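A.B. asks: What follows is each chain in one-letter form.
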Amino acid sequence: MPSTDRTGDRLRIGVLALQGDFAEHLSMLREDGEGGVDAVEVRTLAQLDDVDGLVIPGGESTTIARLLIAFELLEPLRERIRGGLPVWGTCAGAILLADDVPALDREPIGVMDMTVDRNAFGSQVDSFEADLDIAGLEGPPLRAIFIRAPVFRRVGEGVEVLAALADGRIVAARQGDLLATSFHPELTDDRRLHRYFADICRARASVTDATEGAARTAS
Amino acid sequence: MTSNGNSSNGKHEVNGTDGTVATWTVKAGLAQMLKGGVIMDVTDAQQAEIAQEAGAVAVMALERVPSDIRRDGGVARMSHVSVIREIQQAVSIPVMAKARIGHFVEAQILDALGIDYIDESEVLTPADDVNHINKHPFKAPFVCGARNLGEALRRISEGAAMIRTKGEAGTGDIVEAVRHMRSIQGEIRHVQSLREDELWVAAKNLQVPVELLSSVHRDGKLPVVNFSAGGVASPADAALMMQLGAEGVFVGSGIFKSGLNEPTLEGQRAAQARMASAIVKAVTHFNDPQIIAEVSNDIPLDAMFSVSTAQMAPEQLLAGRGN
Chain B
1 MPSTDRTGDR LRIGVLALQG DFAEHLSMLR EDGEGGVDAV EVRTLAQLDD VDGLVIPGGE
61 STTIARLLIA FELLEPLRER IRGGLPVWGT CAGAILLADD VPALDREPIG VMDMTVDRNA
121 FGSQVDSFEA DLDIAGLEGP PLRAIFIRAP VFRRVGEGVE VLAALADGRI VAARQGDLLA
181 TSFHPELTDD RRLHRYFADI CRARASVTDA TEGAARTAS
Chain Y
220 MTSNGNSSNG KHEVNGTDGT VATWTVKAGL AQMLKGGVIM DVTDAQQAEI AQEAGAVAVM
280 ALERVPSDIR RDGGVARMSH VSVIREIQQA VSIPVMAKAR IGHFVEAQIL DALGIDYIDE
340 SEVLTPADDV NHINKHPFKA PFVCGARNLG EALRRISEGA AMIRTKGEAG TGDIVEAVRH
400 MRSIQGEIRH VQSLREDELW VAAKNLQVPV ELLSSVHRDG KLPVVNFSAG GVASPADAAL
460 MMQLGAEGVF VGSGIFKSGL NEPTLEGQRA AQARMASAIV KAVTHFNDPQ IIAEVSNDIP
520 LDAMFSVSTA QMAPEQLLAG RGN
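Chains as they are written, first to last, in this note's numbering: chain B, 1 to 219; chain Y, 220 to 542.
Hints are not guaranteed to be accurate.
[Claimed, not checked] If you want a taste of the chain B side facing chain Y, the calculated C-beta under 10 angstroms gives, among others: (1) T62; (2) D131; (3) R148.
[Stated by the list, open to error] Just a sample of chain B residues kept apart from chain Y, beta carbon distances all over 10 angstroms, derived: (4) D50; (5) D99; (6) E157; (7) A163; (8) I170; (9) D199; (10) T211.
Don't read these hints as lab results, they were simulated from the structure. Here the structure is a predicted model, which means the values were calculated and not measured. Glycine residues also receive a C-beta, built at the ideal position from the N, C-alpha and C atoms.
Let's have the full structure, built from the sequences with the hints guiding it.
C.D. replies: What follows is the structure in structure tokens.
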């Protein structure tokens with residue numbers, strides 16, 4: 001990964017800041033002190049090229065999809081994700097990661113093998129919170145906030161289901177270094193999923209460093 | 220996101236999920252999702268589609284845009300239910316609608332329609348010149364206007380889950396929006412500078428609950444999202460409000476009253492779509508003058524018909540309604 005003004009070896013995680021609750025993700029990532037995470041806003045290609053992982057926040061998926069196209073970020077982002085950039089999408093972000101979104105009138109980023117239904121619970125008056133057990137997270141259930149939330153109607157073979165509601169509908173999934181949650185951990189004080197994603201980014205960064213180190217040694 | 224009253228909604232089944240609906244976190248949470256976005260006034264399904272196509276994060280369904288309310292006079296009420304339903308069916312983004320200040324039955328109707336946000340708005344003719352709606356019992360969250368910190372915290376205390384500075388709707392004059400945003404931001408900075416033992420008197424002077432004032436003292440911001448409204452007529456106006464601290468922007472007459480010099484209806488729609496899209500982009504990149512310059516190149520040559528608030532009689536100003 002190229003780097004400018006990096007403070008030592010600290011992990012740098014970007015949050016896509018075109019629209020939505022990116023500030024909440026930034027503060028959740030930053031307050032995770034012990035792991036040493038720098039969290040930065042990403043609005044441009046140059047900023048995208050300087051991060052070890054990317055969070056696509058909650059927001060309005062139709063708006064973010066349009067802005068990705070308007071500012072010519074969609075294709076570069078897709079390329080970097082296919083090249084190994086870890087990404088976590090929450091709600092709108094999860095919608096954009098899926099490769100099949102029947103109710104979205106723009107092309108999603110389309111890097112996760114799943115079908116996502118937007119506004120699966122109805123309008124805002126049906127938004128809710130619920131306790132959720134998430135595979136890979138230790139401790140008590142996570143209080144999950146669902147706001148006009150999507151559900152993952154179908155996931156492909158390479159996609160691991162991390163959490164489902166009582167009725168079986170999938171709301172958290174992982175495919176390699178890609179993470180999707182239909183709810184909003186950034187609206188709570190529970191940082192476990194942010195640490196979980198930082199661990200994914202850290203593992204990926206160390207693999208990348210090792211590869212680059214090997215390449216340097218060889219040349 | 221601490222819990223803030225609203226204990227009236229118990230646990231109940233949501234589509235088989237065993238969840239709890241209409242909690243404070245859920246109500247205030249939708250406003251978090253709208254941040255960095257533009258909410259556009261629309262009066263019919265076609266305008267709503269133009270707004271969504273341009274990248275609006277939500278639309279505000281209303282009977283007449285503020286500049287027409289201003290021109291026509293008379294009593295301005297909640298939109299016709301059939302129009303609200305038509306707009307709800309036309310778009311997938313959140314749909315908001317306005318109820319008159321104090322008109323809790325209009326709000327009950329909007330709640331029953333499954334509206335995503337209710338704006339208890341000074342733009343409509345107030346139904347109660349003393350009381351605002353008790354907003355806690357409703358399932359839909361509320362947004363309310365405010366000119367200063369006291370007004371904002373009183374609305375939040377009544378249950379508002381989002382605030383917008385009032386500005387002066389339907390004028391195309393940004394000066395009141397700037398005044399109200401600077402007022403709120405300035406008062407927040409002042410509250411932060413107080414000693415803790417001075418908060419009680421400050422709360423008394425502002426006529427607000429000390430608990431809410433303490434949260435402002437601690438966090439340096441309102442406990443809910445704060446947008447700007449009332450007078451935004453260009454991408455530059457929108458970016459100005461964002462740089463002054465707005466977390467997003469409401470645009471009323473600024474879009475669908477622009478481009479009216481185009482000879483055909485299609486031409487007007489196209490011009491309005493360009494204005495809408497340019498304002499969305501300017502809000503995303505509000506700190507990047509290069510991009511704001513680029514998008515400003517695309518807007519129609521004629522902005523909305525505007526009036527200077529300095530030349531208006533006090534009784535013509537809407538912002539004084541509700542306090």
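A.B. asks: For every hint, state whether the structure bears it out.
C.D. replies: Hints versus structure:
no., hint, in the structure
1, T62, "6 angstroms, holds"
2, D131, "8 angstroms, holds"
3, R148, "7 angstroms, holds"
4, D50, "17 angstroms, holds"
5, D99, "19 angstroms, holds"
6, E157, "26 angstroms, holds"
7, A163, "12 angstroms, holds"
8, I170, "12 angstroms, holds"
9, D199, "25 angstroms, holds"
10, T211, "35 angstroms, holds"
In this structure, every one of the numbered hints holds.
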